[in-house]
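A.B. asks: Could you put together the complete structure from these sequences and hints?
Using mature numbering (1 follows the signal peptide of the UniProt record, and there is no 0), the letters of the sequence shown correspond one by one to residues -20 to -1, 1 to 322.
A hint or two may mislead.
Taking CB as the label site, the calculated pair distances span [unchecked claim]: (1) 250 / 91: 44 to 52 Å; (2) 261 / 116: 30 to 38 Å; (3) 215 / 113: 27 to 35 Å.
No more than 25 Å apart at the CA atoms, straight line, and that leaves these computed lysine to any residue pairs for SDA-like [what the hints assert, rightly or not]: (4) 81 / 91; (5) 278 / 238; (6) 199 / 155.
Simulated from the structure, these hints should not be mistaken for laboratory data. All residues carry an ideal CB built from backbone N, CA and C; glycine is no exception.
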Amino acid sequence: MRRVLAHLIALCSAAVIGCAANGLDPTPDTNPTRRWADLVETAHQQRHAGAYQAAFETLQQASALSQQIPGALQMRARSSEYLGTLAALLGQPVEAESMLKTSIRLWEQTGEPGFVARLQTEADLISLYVATGRPGLAARSARTLAAKCDGRLDQDAAAADRVYGALAAAAYSNQDLVRAEALARKAIQFHQLNPDAMPEDRAQAHTQLGLILWKRGQKDAARQEVRAAIDILEANHRGAVVEYAAALSNLAKMTGADRNDLRALEMMRRAIEVARSNVGASHVFLADLWSAYAELLKRAKRGEESKAARREAQAIYQQTLVQQPGRYSVDIADFAPEAGKR
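C.D. replies: Structure below.
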């Protein structure tokens, strides 16, 4: 993250030097550039703490500021990109898609310097298509992205891990599990090569591989990958992020799939608490967790508690899918498994 900010500040500094050479006063550009970088850094710290709404509002300030800086095309593109990914986490896929597409258009205007960043943002858009239950669109977009990436990513681990993760998600959602596993392993490989990879992204890659392995019948290996995701997040003090809730919930499902296990109930309850604190009490992801918790309670012969959990899920489903049409589950780990049951 700091490397990205430093790069953008350097680009703006070059523009300032150009202004001075042409007899223009560069001073007005200098402070806004630093303020933009500070706002983005603050937003990332808020995101790491699970304060997604606060991070979104901070990024809105950064985006507005970037509009006031002459020639700050890359800052505007990056602001829209970050806003889009946070909107997705907050359960606003329509807004997220619009912001990501705006970012892609802005990166296109920068030409070659923005090529890799554009690929990354296109990868985020594919992940959104997967999460919102559009596998066909995800597959078509993935084919286009893969063609653009051919031979361009292997030297850029920061871009490669995001792109391969999105391609794996698209393959998974289209039941191409062999390809999905190969791509997911490649994403993990590039995460290991990227010193700036966020713990959230590293953990998500392991959770994703775990889900693929589970679907391929490799249950022990699947549990091991999801446990690795949890370990990464706990070691980096990321117990308040949605990726932690997603990993916990998936491990709970895997643990409780073959036997009645009290640990599964405890993990799912913890996942619900984390999700409620970061994405809010009316997010479809939380409804998915309540639904999964109800199923675990049912297996544990705790019928009344199961019914109560099911009612919690249905109340959120009704609010989000009836009162707010166009909003979908954006569970980045589980790929909206409950979507077809509503």
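A.B. asks: Evaluate each hint against the coordinates.
C.D. replies: Against the structure, the hints:
In this structure the supplied range 44 to 52 Å holds for residue 250 paired with residue 91, their Cβ-Cβ distance being about 47 Å. The hinted range of 30 to 38 Å is satisfied by residue 261 and residue 116, whose Cβ atoms lie roughly 32 Å apart. At about 33 Å, the beta-carbon gap between residue 215 and residue 113 stays in the expected band of 27 to 35 Å. Distance check on the hinted pair: residue 81 and residue 91 sit about 16 Å apart at the alpha-carbon level, within 25 Å; holds.
In summary, the hint linking residue 278 to residue 238 is supported, as the alpha carbons are separated by about 14 Å, within the 25 Å threshold. About 17 Å separates the Cα atoms of residue 199 and residue 155, which keeps this hinted pair within 25 Å; it holds.
Of the numbered hints listed earlier, not one is contradicted by the structure.
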